[in-house]
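A.B. asks: Read off the chains here:
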Amino acid sequence: MKKFTKILAILLSLALVFGLAACGGNNDTPSTESDADKVVESHAAGEKLKVGFIYLHDENSTYDNNFIKAAKAACEALDVEYVAKVNVPEGAECQEAALDLADNGCNIIFADSFGHEPYMVEAAKERPDVQFCHATGTTAHTQDLPNFHNAFASIYEGRYLAGVAAGLKLNEMIEAGEITAEEAKMGYVGAWTYAEVVSGYTSFYLGAKSVCPSVTMEVQFTGSWYDEMAEKEAAELLINNGCVLISQHADSWGAPTACETAGVPNVSYNGSTVSACPNTFIISSRINWEPYFKYMIESVMNGTEIVDDWCGGIEEGSVELSEINEAAAAAGTAEKLEEVKAGLADGSIKVFDTATFTVNGETLTSYMADVDTDAAYTPDTEVIADGYFHESEYRSAPYFDLKIDGITLLNEKY
Amino acid sequence: MSKNNKIHEPLFHIVKRGALPFWLSWLIRIIAIVASLIVCGVVTIILTGENPLNIYKTIIEGAIGSERRIWSLFQNVAILLCISLAVTPAFKMKFWNIGAEGQVLMGGLATAACMIYFGESLPSIVLFPVMIIASVVAGAIWAVIPAFFKANWNTNETLFTLMMNYIAMQIVSYFVYLHSNPVGSGKIGIINSTTQAGWLPKIGGKSYLINIIIVAVLTIGMYIYLKYNKHGYEISVVGESENTARYVGINVKKVIIRTMLLSGAVCGIAGLLLVAGTDHSVAKETVDGRGFTAIMVSWLAKFNPIYMILTSLLLVFLEKGASQISTDFGLNDSFSEILTGIIIFFIIGSEFFVNYSVKFRHKDKEANKK
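Residue numbers (this note's numbering), protein chains in the order written: chain A, 1 to 414; chain B, 415 to 784.
Any given hint could turn out to be false.
[As the list claims (entries may be wrong)] Here are the simulated distance ranges between beta carbons: (1) A/Met229 to B/Ile758: 26 to 36 angstroms; (2) A/Ala276 to B/Ile444: 46 to 56 angstroms; (3) B/Asp702 to A/Pro146: 26 to 36 angstroms; (4) A/Glu362 to B/Glu534: 30 to 40 angstroms.
Rather than coming from a laboratory, the hints here were simulated on the basis of the structure.
Yeah, the Cβ is synthetic: ideal placement off N, Cα and C, and Gly gets one too.
In isolation and in its complexed conformation, chain A is listed as follows (with noise of 0.2 angstroms):
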């Protein structure tokens, strides 16, 4: 009798069990076939415009988010159907999410990660009839293709202006007595030697030394986009090497997080991570997508063309600062930047000002840069004139990849 009730109760259980996912199911049935009717609506209306989205990562990555974020909001503002394909490698796999995002009548596809863009070419010349959008790349000037363009935005300004926040903190860190003035020593981790990354911290260490002259920097790379174990170890390094405020140009949380722990003021990048860095958070920039996104969407709209490169400023609103951390900040940042961001605006600060760097010791009066990228890297294009480098006017992706004094490099294997 014993083991009837055993299996009884086990039999009983179960029951209850299939029961409960049963009435789960009852209960969620009748609202996801709702759902389902209104995807079939907007098909059926038509003439509304697609645009899809390839993402290298999903949300969980800062750069992809941004991303995310913002071609969400383009696509509400709009009014035009959003499609996404996340975690899509930089492979051939790409080129097959973009031309299945066409076979299913997006009218524009846009993929975000730099390794994406040779496959967004071949993509864009089986399918000429849909405008292919790449963020980041740098061959859409020279391509004779009139569907494949390139987007990126001068955040070498934002970074200029995120510089020269940490420049005012180091003045304060000189007159409080922390630091004397020859032991100004800023710390910087970046992905790679790319262009994009010199162009980033070569306009970080101008915008500090602009109000902290004395400053210097030291560089370590980590050679990837996104390794927090090696981002962290990079700004222990510099931590330990002196440097008394740390910035960062690679994705993952690994740089804030070590400073936070060592209680060393760091400016961000990508966005605000006051979240988990509450003491030593400065100030971030940003490049916001939105109105890139919508600027391509509009233009597919009203059938005008989307230009070969775009480059988004400050004006535009592509490039942000995120809100200061009153916490780390020195005092005093918030009317400074907005005195300089003026003088971005109307012409007469220039980050790459040839004034106010030397590269060996001399001041440039020119410099041939790889504009037009191929292979043998050769310089094609003279970007100094009126005494400041001409930075993404000839491309939008970043050029400047000159090594100027002050700024050490601690390893350049990447």
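With chain A's structure known, arrange chain B on it following the hints.
C.D. replies: Just chain B now, with coordinates in the frame of chain A:
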């Protein structure tokens, strides 16, 4: 009898089955897949509130919803199957080769190097044989190093082959950095994008058909090799018992090295197909974990190359379908991974019921009474 009654018997116990008839073992597997779909449905409702039928429909559409998707499906099956074929002889020999990732990568790197250095100087009739030889040799070298140490000094091949993966990745990183375009970006882009030198040719306008044909031939070849060739027999004897193998006069060292050379060579071909046939580029991430997924494909198919077609198809089908779920329902990729995990869990679990049966206590009592 009275003694037996006093011993506390567990509610059920597990008994090894004899060989099951073909239809019954497959019935158990099909029941397992159906059961996994039901569990997936329940999980879907609880976690997301979506109708599971829509989800299943999306999986199918994502995998075979258009001609392009079908081609892409078979291309991915071809690559995964190729790597699975490569690891199979080693596994059958009980040599735990978990270094397929690195072996494929080295084959791919050799292919890319030929495309970069000889793409312009050699005509394609010479270039293709050079690429094939280079990729096969590179994969074989990467596989034979741990085999040599295992055969001579009985080193642990699991750790050895695993470590070789990381070395291969770092070597690829180094060369990718050296050739990165634009400078410092860490990406080499598409190799020979204008001349298409070294790209595997399209057959009938289909870019992946050649990959599929090559892997189909390899599959049949591997089946024959393992089943009807003397080498195949030696592999299974060494796998069952090294001492027996030695006793019957098989040169175990020779078999280990020969088999790993083969394993690595096929991995090299997978690298060739990936670099010259699909990506036309190489990066640390090119193999994308398939060297490890292949182990599962091979085991699930019990090292039978023909069954491997089914198991690799199943895994790629689920993966393709799963990514469509995240696109259509705006769900994170992790959700589709949960579903894939549940289905694979049931499939592996079904093997337990194929091999063992569960006997409940009261049945034994009845048997005792008789």
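A.B. asks: Now tell me if each hint is right for this structure.
C.D. replies: Hints, one by one, checked against the model:
| no. | hint | in the structure |
| --- | --- | --- |
| 1 | A/Met229 to B/Ile758: 26 to 36 angstroms | holds, 29 angstroms |
| 2 | A/Ala276 to B/Ile444: 46 to 56 angstroms | holds, 49 angstroms |
| 3 | B/Asp702 to A/Pro146: 26 to 36 angstroms | holds, 33 angstroms |
| 4 | A/Glu362 to B/Glu534: 30 to 40 angstroms | holds, 39 angstroms |
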